[in-house]
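Undergrad: Read top to bottom, the protein sequences are chains Z and S.
The letter at position 147 of the first sequence is residue 147 when you use this note's numbering, and the numbering goes up by one with no holes.
The letter at position 78 of the second sequence is residue 78 when you use this note's numbering, and the numbering goes up by one with no holes.
If you're looking for bench data, these hints aren't it; they were derived computationally from the structure.
A hint or two may mislead.
Examples of chain Z residues lying across from chain S (beta carbon under 10 Å, computed) [claimed, not checked]:
1. Asp232
2. Thr363
3. Arg365
4. Glu366
5. Leu369
Below, in silico cross-link-like pairs of lysine-lysine (DSS-like), each with a Cα-Cα straight-line distance of 30 Å or less [to be verified]:
6. Z:Lys272 x Z:Lys251
7. S:Lys109 x Z:Lys203
8. Z:Lys203 x S:Lys4
9. Z:Lys377 x S:Lys109
10. S:Lys60 x Z:Lys370
11. Z:Lys370 x S:Lys109
12. Z:Lys203 x Z:Lys119
13. Z:Lys381 x S:Lys90
14. S:Lys20 x Z:Lys257
15. Z:Lys206 x S:Lys54
16. Z:Lys204 x S:Lys109
17. Z:Lys370 x S:Lys4
Label pairs and their in silico Cβ distance ranges [stated by the list, open to error]:
18. Z:Glu388 x S:Lys54: 35 to 45 Å
19. Z:Glu306 x S:Asp98: 51 to 61 Å
20. Z:Gly137 x S:Val96: 50 to 60 Å
Beta carbons are placed, not taken as given, at the ideal position from N, Cα and C, and that holds for glycine.
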Amino acid sequence: MRGKFNPWHMTLNQLDEVAREINLDESIHQILRYPKRCLTVSIPIQMDNGKIKVFTGFRVQHNVTRGPAKGGIRYHPSVTLDETKALAMLMTWKCAVVSIPYGGAKGGIVCEPRKLSLKEVERLTRRYISEIISFIGPERDIPAPDVNTNPQVMAWIMDTYSMDVGYSVPGVVTGKPISIGGSLGRNTATARGVMFSLMNAAKKLKLDLFEKTIAIQGYGNVGGNLAHLLSDEGYKIIAISDVEGGIYNPKGLDPRKVSLALKESGSVVGFKDADKITNQELLAVDCDVLVPAALENQIDEDNADEIKAKLIVEAANGPITPQADKILEGKGVFIIPDILANAGGVTVSYFEWVQGLQAYFWTEREVNLKLRDIMQKAFDKVYRISEERKITMRKAAYILAVERVAEATRVRGLYP
Amino acid sequence: MLKKIECFLQPSKLEEIKDKLVKMGVEGMSVSEVKGFGTQRGYLEEEKINKKVKFLPKAKVEIVVDEEIVEEVIGAIRKLCAAETIGAGKIFVIPVEDAVRIRTAEVGKSAIY
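Chain S with its partners taken away, still in its complex shape:
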């Protein structure tokens, strides 16, 4: 089964993550600059949180992989993202019903790898 790993991360970590995931056999990845907030309501660790919720710049990374390597990919991202710091981000795992490579009409896992 294919899964989409959608993460919201600190933009500064992107290059490292890209290199590491490519080494792990991830064949494609999309990145967008987004703004958002999470549990920290948009404040940095050293700031005092007040009532006003703020947006912080984040990188949204989308990767579709085979279910088999989901845990491995999550582990690698966590390791590179300084998992212990507040505001490091979030990772969502989403089921993917199917994938199609447009040029060849390959489907499923073959469309990804």
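Looking at chain Z on its own, in the form it has when it is part of the complex:
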């Protein structure tokens, strides 16, 4: 969501386009164009040197028509209110695509976490949560990890909220450590969902994935786990990259060995048995399936023409700019859009919340099977819409999402 575009205007444009396509009721369109609530808070904390520094944080709830708001919290210097609003709206659509009973939210703190100590991050988290505490809760708004936030940060959120109300409330946040009510399978959920999306697409497009080559950009929680899952299935990964650069071997890469090299040298580039390539070269590698699993806006109008893959799975959020999207559509590339492809994360977050509310926990196999079921249903619906209307999977996913939220808005009516 960083870069040359105002992310909020981009997401509004996307909504407007869909509204035209489906002749969306004008009143409902108006409602959906505005976030329900935007909260900006000042977060004073004591730094390790004794001085007090004031940070700015946001929490935006775009829509809660289908259920409580759900969305991550990110710690990053480039966090803005507009970005948070855009990401909150995307969460509304993402939850609606996979039909889990949530609305969309997002939060963030403008900060550079690499320059903060662990104690400072803890104080920042606790004070931020105190500032938004009347906003959140298991029935209102349930935060989750995002850029630079992890299970430990979620544990502090759970603790701060629980201390405030006076009893333990695991359902206030997801992505928690297992020891305080985290879900088995949550860590690999996004990657697993991406894999299911890829397999569902292969089935529809009649591709034999065992004969296809796969390139993955990014080797973090999503890219790294995905590489291992795909390799375990017996699929061939020929290129992998992280922030330092990429590696390429047309004979195939073994993620287990790549992860060892990563452990020893700090980057996948430390893996010896492959050619070194740049992140840009990775995108243009001669492969059948490309999985951007790193940052947004990686594929733009400058490099879209060089892409050779016939199938792209958007594991990252917004890896393709709207201009590049048009170029790729012209080339006949089949793209599984982010709000469908990477919805496995929020889906298992939902499972974690459900388990927390029931205080009864499932086996990892149960989690994975339920995830597969939801991803399959969502994919089939989106694919059917794209076939019927002869439109891209992205448009189809947005149509499905907007229609579901619009229908919920319509039946609920306007209060008072």
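Guided by the hints, dock chain S onto chain Z, whose structure is given.
TA: Quick look at chain S alone, frame taken from chain Z:
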């Protein structure tokens, strides 16, 4: 939780599968000779498929295992059954509510292992 793994396989693979699964700690298995068809409508890979659906001889293998090793068992069967060939068969995983060992009245996992 116990799961029943019910597979329909090429009969020629049975011996290998039995040996491998016993090594993996599977304590029991039932095999029956059955006839059936799947996506291939009963035709072999090299044959042309026409409208008439045929039955082919298959081996039905039933194993009850603990949920923990389900994935491992499926992986082993797939590996031995030349997973990439058409007509290699199918594997179904079915929940088992309970198991009872008749002689001792042991139940659940203890009835199996």
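Undergrad: All hints, please: hold or fail.
TA: Status of each hint after checking the structure:
1. Restraint check, aspartate 232 of chain Z versus chain S: the minimum CB separation of about 9 Å is within 10 Å; hint holds.
2. At about 6 Å, the closest approach between the beta carbon of threonine 363 of chain Z and any beta carbon in chain S falls short of 10 Å, and the interface hint on this residue holds.
3. The closest approach between the C-beta of arginine 365 of chain Z and any C-beta of chain S is roughly 6 Å, which is under the 10 Å cut-off, so the hint is satisfied.
4. Among the interface hints, the one on glutamate 366 of chain Z holds; its C-beta lies about 9 Å from the nearest C-beta in chain S, closer than the 10 Å criterion.
5. Interface restraint check: leucine 369 of chain Z against chain S, minimum CB-CB distance 9 Å, threshold 10 Å, status holds.
6. With a C-alpha separation of about 14 Å, the suggested pairing of lysine 272 of chain Z with lysine 251 of chain Z holds against the 30 Å cut-off.
7. Restraint check for lysine 109 of chain S and lysine 203 of chain Z: not satisfied, since their Cα atoms lie roughly 37 Å apart, outside the 30 Å limit.
8. Our distance criterion of 30 Å between C-alpha atoms is met by lysine 203 of chain Z and lysine 4 of chain S, whose separation comes to about 27 Å.
9. For the suggested pair lysine 377 of chain Z and lysine 109 of chain S, the alpha carbons sit about 33 Å apart, so the restraint of at most 30 Å is broken.
10. Restraint check for lysine 60 of chain S and lysine 370 of chain Z: satisfied, since their Cα atoms lie roughly 27 Å apart, inside the 30 Å limit.
11. Taking the CA atoms of lysine 370 of chain Z and lysine 109 of chain S, the gap is about 24 Å. The hint holds against a cut of 30 Å.
12. Simply put, lysine 203 of chain Z and lysine 119 of chain Z have alpha-carbon atoms about 49 Å apart, too far for the 30 Å limit, and the pair is violated.
13. Straight-line distance between C-alpha atoms of lysine 381 of chain Z and lysine 90 of chain S comes to about 26 Å, which keeps the hinted pair within the 30 Å bound.
14. A hinted pair counts as satisfied when its Cα atoms are at most 30 Å apart, and lysine 20 of chain S with lysine 257 of chain Z qualifies at roughly 27 Å.
15. About 25 Å separates the Cα atoms of lysine 206 of chain Z and lysine 54 of chain S, which keeps this hinted pair within 30 Å; it holds.
16. For a cut-off of 30 Å, the pair hint linking lysine 204 of chain Z to lysine 109 of chain S is broken: about 40 Å separates their Cα positions.
17. Simply put, lysine 370 of chain Z and lysine 4 of chain S have alpha-carbon atoms about 19 Å apart, close enough for the 30 Å limit, and the pair holds.
18. At roughly 36 Å, the beta-carbon separation of glutamate 388 of chain Z and lysine 54 of chain S lies within the given 35 to 45 Å, and the hint holds.
19. Between glutamate 306 of chain Z and aspartate 98 of chain S the beta carbons are some 59 Å apart, a value that agrees with the proposed interval 51 to 61 Å.
20. For glycine 137 of chain Z and valine 96 of chain S, the Cβ-Cβ distance of about 40 Å falls outside the hinted range of 50 to 60 Å, so the restraint is violated.
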